[in-house]
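Starting from the known structure of chain A, arrange chain B with the ligand on it as the hints suggest.
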Amino acid sequence: MTDRDRIVVIGGGHNGLVCAAFLARAGREVIVLEAAAQVGGAAVTREFTKGFRASGCAHLSYLLDAGIARDLKLASHGLKWARTGLKTVALASAGDHLVLDGGKLESGTLSESDRAALAAYHAQMLRFARVLAKQHNRQPPRLGGGGRSDFMGAAKLGLDIRLLGRDSMREFLRIAGINIYDVLEEKFESPLLQGALALDAVLGANLGPRSNNSILALLHRLSGQSNGNNGFSLPEGGMGAIGEAMAAAARAAGATIRTGSPVARITLEGDVVSGVELENGEKIAARTVVSNADPARTLLSLLGARHLETGFVHRVRHIRMKGMAAKLHLALDALPAFARLPAELAGERLLISPDLVYLEHAFDHAKYGQCSPEPALEITIPSVHDKTLAPAGKHVLSAIVQYAPHDPRASGDGPRRELLEHTLGVLERHAPGLRRQIVGSELLLPADIERVFRITGGHWHHGELALDQMMMVRPVPGAAQYAMPVTGLFLCGAGCHPGGGVMGAAGRNAANAVLATERAA
Amino acid sequence: MSIKDEMNRKEHFRKAVWETPFHPRTSALNSVNEWHRWKDYTTADVFFDTALEYAAIRNACAVFDLTPMTKHLITGPDALAFLNRLVTRDVAKIKPGRVGYCVWCDDNGQVIDDGTVFHLREGVFRLCSQERQLDWLSRSAHGFDVKIVEDTHEVAALALQGPTSCAVLKAIGCAGAEMMKPFDIRYFPFAGSELMVSRTGFTGDLGYELWIDPPRALELWDALFDKGENHGIRPMGTHALEVARIEAGFIAAQVDFHCANQAIMLDRSRSPFELDLGRLVDFSKPNFNGRRALLEEKKKGSRFRFVRLDVEGNKPARSAYIYDKDKNVVGTVTSAEWSPSAKANIAYASMHMPWGRPDDELWAEIYYQRELKWSRVMARCRVVEGVFWDPPRRRATPAADF
Ligand SMILES: Cc1cc2nc3c(=O)[nH]c(=O)nc-3n(C[C@H](O)[C@H](O)[C@H](O)COP(=O)(O)OP(=O)(O)OC[C@H]3O[C@@H](n4cnc5c(N)ncnc54)[C@H](O)[C@@H]3O)c2cc1C
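From first to last, the protein sequence lines are chains A and B.
For the first sequence, the working numbering assigns the number 28 to the initial residue and increments by one for each residue that follows.
For the second sequence, the working numbering assigns the number 4 to the initial residue and increments by one for each residue that follows.
One chain only, chain B, in its complex shape:
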């Protein structure tokens, strides 16, 4: 069904923001009734308490309604060639039944968006993205025999994340789920339909994403919460996920980088190298969007450096400027949270080159309010190698029962 038909069917002109197929359950569970808009859908910020929901991610398991994420089905004889020209990494290495994280750039090598490529079946791909991409994908399709359909609304999706997630999956009938390696895709029969499970997620923990026909959505939810009760299952909202995301080292479009095709000022966008995603750039491919510019950047050097910071104290350094010891602004914080698992005040920052080297003396300027009074602290920052939270269970296969 085309987006237009779908819009008409959902009578978008009557109701601008829809409810996901899980809404009957999520709304019943949302005791604080806090929602915000995520693209076409309303989505929960929090169900009861962010700290408890976060604790479920790290100690039991938590369920997040992923349906609003933009999804595209990419098929046709040139699907692989199309994707390989689109994204910076080599999609040929993502075999059927596997998922890969990727970014795509404009001609100037600036990141338009990041997302995941699911190689669903031989030659059939799903591309999930943060932002709407149909325009860019359609533009990029010229000269390729490829069919691109945005199927955001045809797939209901949940993230099931946390140490007990595998046990819950097995309990709802996904036999052998523990053998799935990170980034594997498996299909399981479910309620007379097919449940697609991928070992993926945004929390850096053991976890899965579940994909199903919308009419089966509630059955899936009910099965999870029925079998998951003894495994500590809980619904989570975007606030809890946000803490887990930053601990896990994932960047978010429009938060940690401004999408290049929406940037007006030349210095607002970032290249993959400037987001510490150089590993996703495969120059052995003869052509992909941004290749020439990125080769040039390799030669001439980048303008920015993406760093993870451990900030002194316990006040999140949200949107803080970063200073050198001579009080020059040398960077800006893009994401910051107190990390309960790392017991650290963590942040991501975009630094002007050459700042952000391991030995640089850096200071974050943090503003905070107490009883309506604003105060400011200058907190010492340390550049951290690697991510803040990376437990072995994130990768261990077979997945353990917790």
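So here's chain A without its partners, still in its complex pose:
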């Protein structure tokens, strides 16, 4: 094997690690170059206040592909669960919370018809989500590809939709293009239930409940539950534990992983990849470069527009990839007391999204460059289940805060202070006294996420997951098969099919694409 036979993976996010592990298992010499000091990318466990650790961006595991976890033996590489199957609590400021376990109401007040509708809705959404889940481990068909595998790919997708049965298929096609607001209005009476269910459709997306594509975003989120996953779960040691286990699996298969090694550029010889150059000037030759960085960063900064064609560059530049989710981490000296919520439920998944209009209003502000004055929240207090995150008796609260614009109209630290203030206000309303328990805090706006995690736009999925940016047109038409137009360059991150969330499917599909390309050569 020569230097040139090497495969370099840029980025040790979970997808980069999965990709590296599968390539190493196939006998390739693989080097992962991660810019940050630790692996895991947007799913890492970081100390944000002395003695307190929280999961950087991703804080719940619900999409991790069970097949990948099994193939890579993540359990034997150290992955343990602090808690699986978290319930969802829709917090009501008046205290009449709804506690949900999937489609079942465990406690709280809902009308008879809402209860029945909830069960039916949950079952139906899962059925639809399964259609998406089935595509996760397939390379999307090539548009106009005309090849046998392209035809089969398209045919399988059509078949999966058809197999829903006539009525379900009609319903799937009806709602896929509309929005969660209309669907929930149609099915439910309880504003609190509507608000909570809608939050799952817009988390991480640049969408309000009335935006189209929100149904697809929801189905993507639910797709994990049909991938043999344990629902909303917390790894022991935070989300970083998943990446650590993947890194261990990759190393065991022979891959080299170097952290603190930011790549400055992808080098070419003619129009073929020849390797990478690190920011410190070091050059590493490689026949194949697989990038876990987002598509815009990979293609426009690391490779450079001039090595690509105008139309392709134009499409990449216009991928919608501005994040709207902020991330809050609080170090607390005691377990917060949510009004009328039994203490044993404080460790479940807590949602603050009291109704559809509240959520839409929260979005409206961000749409016009302001942070939501009344943000919606998805809260976890993982320290309830995992003693490794905070000193004994103390806690960490991790919350996804929606919405925060990527380019706030105000500059400087203003928007961050403002959103922190708003968020703490909302939290205090539900958990009086919480402010006094805070011993440290961190709020990451999308621009901070962009900087810290090197995700252009700071978007959850490295690019909006929407009808025009998914499957065979993700990240852009003509590049949905992981291979980029430049020979030897591949993408393997959330920006590719099937999208973001800690899943691993993009990484594995990309590894398969690399191996298939080698075989074809």
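Hints are supplied without guarantee of correctness; some may be wrong.
Only pairs whose alpha carbons sit at most 16 Å apart, straight line, appear in this in silico EDC-like list of lysine to aspartate or glutamate [claimed, not checked]:
#: 1; chain 1: B; residue 1: LYS330; chain 2: B; residue 2: GLU364
#: 2; chain 1: B; residue 1: LYS288; chain 2: A; residue 2: ASP298
#: 3; chain 1: A; residue 1: LYS77; chain 2: A; residue 2: ASP360
#: 4; chain 1: A; residue 1: LYS214; chain 2: A; residue 2: GLU139
#: 5; chain 1: B; residue 1: LYS288; chain 2: A; residue 2: GLU296
#: 6; chain 1: B; residue 1: LYS301; chain 2: B; residue 2: ASP285
Facing chain A, according to a computed beta carbon distance under 8 Å, are these residues of chain B, among others [to be verified]:
#: 7; residue: ARG88
#: 8; residue: ASP109
#: 9; residue: PRO289
I should point out that these hints are in silico values taken from the structure, not numbers from a laboratory.
The C-beta atom is built at its ideal place from N, Cα and C for all residues, glycine as well.
Same frame as chain A, but now just chain B with the ligand:
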């Protein structure tokens, strides 16, 4: 000045179509008052008689107002790199003071437009195009340190074409113009300003294009017509130029090919190979728009073939279908004229592969009207190698005095 400022200055909202800086003279000479719109400007179809104007191109010299042609000034450290990614040929080979004909493609290797790159001075380029290209050029500029200005209205331009053109140039003070080789650029002092002369044109004859500041435009025109009188100089309109263009073998955007970025149907656009412009495609460049698709086309074969036809009879085969001997449609004529110089009925056609081989038996279906009655003839066509009109004086340097 930006296009917007220019539009505002010219009060485009009051007057949609402008007059070129030569209009005071061209309008005085246009005895038949026939005009049409060419982009932002009104332009003469004919001044007196197309045949006489054509005869001037081939036997003396004729002047054509080129001002409306879309022009862009491309500067900045990456100007060359930008152009090389844009067009299919190697612009590095167009040295300062030289001009090159080129085409540019979309990602699918389909021709967006053709035009000329003028390497005005080291690192400073002018790109002239048939269609407006600022949108595509600006899009293509992402990632390059380059400045692109459409300067169509800042440059007045004339084509001076025909055997006596060099003599006229020398007479207006362009000493040494005869030493210019085809595609050379030279600068001459003129009326306290600078006159740029390029040995280029659209007629396939000895000829030049003259580029000057608009305020000096009339002085240039007057000098040409003053000194040119004894050399048979005449103004020409687009009709005469069109005959010369087809004789000379030049294709025209929107006539012989549909610009790829305006094509909706997949089979409406053409690649450079399908326009017989393969010589302009340089695969030794590592990247340019359309490269991958064109390599693929090289491997798989083209869909169309561009041919020049000699058509039986004397009725121009405009827009005619071309048939094989079994009466299947195998191509379409894109341009056709009676060629006075070649004494032939000439045409360009886009043929479906594999048609258009030298020995193919081809027939053009020509419709014509006589006294309001339509008739049809089927005319035998012969595929011609090379162009219809290519006199040695087109290339001879030094240019002879005629
Ligand atoms: C606020 C927020 C909350 C989220 N919450 C959840 C959640 O609860 N559950 C869930 O499943 N998902 C969640 N997500 C989504 C999830 O975190 C991401 O989709 C996922 O982590 C993406 O993984 P990845 O491996 O594709 O890319 P990343 O994790 O982004 O990894 C890319 C890696 O590439 C590295 N890199 C980039 N450029 C270079 C370079 N030039 N040189 C070297 N290395 C480079 C980066 O440092 C990074 O480590 C959340 C996202 C956000 C933003």
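Here is how each hint holds up against the structure:
Straight-line distance between C-alpha atoms of LYS330 of chain B and GLU364 of chain B comes to about 11 Å, which keeps the hinted pair within the 16 Å bound. The suggested pairing of LYS288 of chain B with ASP298 of chain A holds, with an alpha-carbon distance near 9 Å, which does not exceed 16 Å. Distance hint between LYS77 of chain A and ASP360 of chain A is fulfilled; the C-alpha atoms sit about 13 Å from each other, no more than 16 Å. Distance hint between LYS214 of chain A and GLU139 of chain A is fulfilled; the C-alpha atoms sit about 12 Å from each other, no more than 16 Å.
For the given pair, LYS288 of chain B sits about 11 Å from GLU296 of chain A by alpha-carbon distance, which is consistent with the 16 Å threshold. Simply put, LYS301 of chain B and ASP285 of chain B have alpha-carbon atoms about 12 Å apart, close enough for the 16 Å limit, and the pair holds. This hint holds: ARG88 of chain B has a C-beta 6 Å from the nearest C-beta of chain A, less than the 8 Å allowed. Here the hint on ASP109 of chain B is kept, as its CB sits about 6 Å from the closest CB of chain A, short of 8 Å.
Residue-level restraint check for PRO289 of chain B holds (minimum Cβ-Cβ distance to chain A is 4 Å; threshold 8 Å).
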